[in-house]
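Novice: Let the hints inform the model, and build the full structure from the sequences given.
There are 2 protein chains.
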Amino acid sequence: MARLYSDPLCPVACALDVIGEKWTLLILRDLTRNPSRRFQDLLDSLHGCAPNTLSARLSSLEEAGLIERRQYEQHPPRMEYVLTDKGREVRPVLKALKAWGQTLQAQKA
Amino acid sequence: MARLYSDPLCPVACALDVIGEKWTLLILRDLTRNPSRRFQDLLDSLHGCAPNTLSARLSSLEEAGLIERRQYEQHPPRMEYVLTDKGREVRPVLKALKAWGQTLQAQKA
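Protein sequences appear in the order of chains B and R.
Just add 1145 to the spot in the first sequence (first one is 1) and you have the numbering used here.
Just add 1145 to the spot in the second sequence (first one is 1) and you have the numbering used here.
If you're looking for bench data, these hints aren't it; they were derived computationally from the structure.
Take these hints with a grain of salt, some might be off.
Stated by the list, open to error - Simulated coverage check for chain B against chain R, where a stretch passes if three residues somewhere in it have a Cβ under 8 Å from a Cβ of chain R:
hint	region
1	1167-1180
2	1220-1229
3	1233-1242
4	1245-1252
As the list claims (entries may be wrong) - Computed from the model, here is a short list of chain B residues facing chain R with C-beta under 10 Å:
hint	residue
5	Leu1154
6	Phe1184
7	Ala1201
8	Ala1209
Don't be surprised by glycine CBs; every beta carbon is placed ideally from N, CA and C.
Specialist: Right, dumping it as structure tokens:
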């Protein structure tokens, strides 16, 4: 996986190397909310994300061990995506983002 | 400020609209660690960040009210950047990223 930042000593940069690219945290948000998601489910949920971008982000997440692909249909073969235990370790980041985002939304209301 | 995601109802997307662009969270990391930072300090710390990108990110953060510019020298006029109270509200996100990043680093060790 290409590194976003060349700062291997900094834990924040190391985390963002894995989940800092556009769309990645929203994919993890969806897989946190739903036990499993199909490609089209994710595409429908991620307004404006191109299919090839979604594929690239899913491959990176799979390579990083944060998600897994499971076959849910044989003919034709269809896949769904689920969080791994390692992927679930990201939930505190999503929780903190959600809390701060709610503060922003309240300030705009 | 151009929106990263068109998902105004989702607090995670709203948060990432403000702090989701590349380099932004690392700038906030630096300003959280140090009470104030000059442009060159930030540039030196952010390996690989171009000056014009740093300027753009600092303007966006200023526009969002997360940081402020303060003049620390009159002749010639020189500026430094500091977190605002609103900027300090992002610390739980940085804290969660740091904790998860440390987990990643430990797994690699």
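Novice: State for each hint whether it applies.
Specialist: Hints, verified against the model:
Using a Cβ-Cβ cut-off of 8 Å, 4 residues of the region 1167-1180 of chain B lie near chain R, which meets the minimum of three, so the contact claim holds. For the region 1220-1229 of chain B, the proposed coverage by chain R is not satisfied: 0 residues have a C-beta within less than 8 Å of a C-beta in that chain, short of the threshold of three. Chain R is given as covering the region 1233-1242 of chain B, and this holds because 8 residues of the stretch bring a CB closer than 8 Å to a CB of that chain, at least three being needed. With 6 residues having a beta carbon nearer than 8 Å to a beta carbon of chain R, the region 1245-1252 of chain B meets the requirement of three or more and the stated coverage holds.
Interface hint status for Leu1154/B: upheld, as the beta-carbon distance to the closest one in chain R is roughly 9 Å, under 10 Å. Contact between Phe1184/B and chain R, as hinted, is not supported at the beta carbon level, the nearest pair being about 19 Å apart and thus beyond 10 Å. Annotation: interface hint on Ala1201/B violated; nearest CB of chain R at approximately 16 Å, more than 10 Å. With 10 Å as the threshold, the beta carbon of Ala1209/B comes within range of chain R, its nearest partner Cβ sitting at about 9 Å, so the hint holds.
Comparing the model with each numbered hint stated earlier shows that hints 2, 6, 7 do not hold.
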